[in-house]
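A.B. asks: Chain by chain, the residues run as shown.
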Amino acid sequence: MAALVPSTFSGIADFMAIVVLLSEFAMLRAPLSRSQIKLYSFQSMVVTVLAIFIAADRHIDGLYAVAAISLILKVVVIPAIVLRLLRDAKVELVASNRIGVASMVLISILVSIFAMVVIDGLYVHSKSLPTAALGVAVAVVLVSFLLVIFRSDVVSQAVGFFSLENGVSVASLVVAAGLPLIVEVAFFFDLLVAVVVFGVLMRVHHGRTQSLSTDLLDQLKG
Amino acid sequence: MKVNDGAMTLALATIQALQILTIVIVSPFISGVTSHLEARIQGRRGPRILQPYYDIKKLFRKETLVPNDASWVFMAAPIVAFTCYLIVPMLIPVLTNYPLPLGYIGDILGGGFVLSLASFSLALAALETNSPFAQLGSSRAKTFGALIEPSILFVAFTVAVITTTDLPYFEAAAARSSISQIVRPAHVLAVIAFFLVVLNDTGRIPVETHSGTLEFGMIEEARSLEYSGPLFGLLKWGSAMKQLILYVLLVNVFTAPWGLAGTQKLSALLLAIVAFIAKALVVGLVFAMIDNSFSKLRLFKITEFMAATFLLAFLAVVALFLGGG
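As you go down the protein sequences, you meet chains A and B in turn. Note that numbering that gives the first Met the number 0 has the first sequence beginning at 0, numbered continuously upward. Note that numbering that gives the first Met the number 0 has the second sequence beginning at 0, numbered continuously upward.
Please keep in mind that the hints were generated in silico from the structure rather than gathered at the bench. Any given hint could be a false lead.
[What the hints assert, rightly or not] If you want the footprint, here are the derived chain A segments under chain B, 3+ residues with CB under 8 Å: (1) 4–12; (2) 97–104; (3) 109–116.
Bear in mind that the values here come from a model prediction, so they are computed numbers and not experimental data. We treat Cβ as the ideally placed atom computed from N, Cα and C, and that holds for glycine.
Model the full structure from these sequences, guided by the hints.
C.D. replies: The structure is reproduced here in structure tokens:
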């Protein structure tokens, strides 16, 4: 029996979610901190387009506002701030892979499959829900955890946390598109706090150790 | 040939022969246009569009030199490879959207096996020559061939799950049937993965420079270094045909299976030939642009390219099984 063909709407939404996941993979293996930030900006762009797409399909006007905020904050402002901090730090490349690229990608593939199997097992199905997208969104969250675990530099920690928020955004967009605007804005506020925290971390850490590697944080042990 | 309602209709066998002839005759033209476009993008004037035909003609008039250590395998390999490239166009939709009599004798994997046989015979012949560069090329071609194979398999699996067969005609029909089939993630991911496979198999830039003369970076190109005369001509022609065959799979099966002839009328078939050449030229242009916008990967980085290709193909299958994507 041929697999059921998803509707055009859920096909496109699923595909965008998968693009978000693929850019998460790209961040995992990107050697330059700068390219990680650019990938984060691209990923946020895809999330923004997804928000506009869902807003247009479901006629939810509040989502346009969310998309606008996300475009300004996540695509432009946050990457610009982090790039600025990076330029001040004058560090191009941080050797931060705890394990090899191939093993990192393989583990991430396994983790993504785990996420999709678990979500598939929950059987969250409805006519209007893009089925694969929810599993993919959870996979994005888990892979961004791996990014934080496997890469030991401050920029990866920051980008991992920010892209985790992108994964959560995708999940909330596909499951609860009509989520009240105020909740979405609260998400963004969380993100802004995180930017400030990570900005301070980058500044202070670099000021003390002249490096962005978090391996040296061990020395803070009392 | 018979006249029917004022329009000429061709027999199915004739159409089948026409498919093969199209590939044989058009392939050097596509290569010529692609390398011309590439040169124009770089600001050079570039070779004439018909240059590949002149090259082949010239080579067929030259004498054949054979390395001392080579045996009949060396002489037979280009002919075996060329024959393989003549067989594959029978299995794939070059001009028609309905299957021709021999269209069902092999599926995508079958076609892949025939192409692998061609590559295998060339690798054997390169080993025969006792020339270090040719042997290096043959060993590299086999190594990277083995690494790209999983991606090809997973693309074939995707097609198998979507259509319940592995026949290229059915995949094309599925893609034509509705827009939902085209935007579904499994299809899009498989198309991108297959595009990267084609980049690899035609010796394009992230993997190999196809027009370079530096032997150290060569993979598939190096295998033909010891050939001369008509055999070399066959090899060049064969590689142009292989490229066009892969373009057919890319456009007529995966990305744009429109503009194929639906009837046996001569006019429809001529239109299909024109549409096919136009589509192949668009692919050629895209490839020329990629050639000019990226640099060649270091040899040991090529595995990362293949890992990325595999990731895409693998996600396509995962999306199909978990979530019906």
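A.B. asks: So, for every hint listed, does it hold in this structure?
C.D. replies: Each hint tested on the structure:
no.: 1; hint: 4–12; result: holds (count 6)
no.: 2; hint: 97–104; result: holds (count 3)
no.: 3; hint: 109–116; result: holds (count 4)
When the structure is compared with the earlier hints, no violation turns up for any of them.
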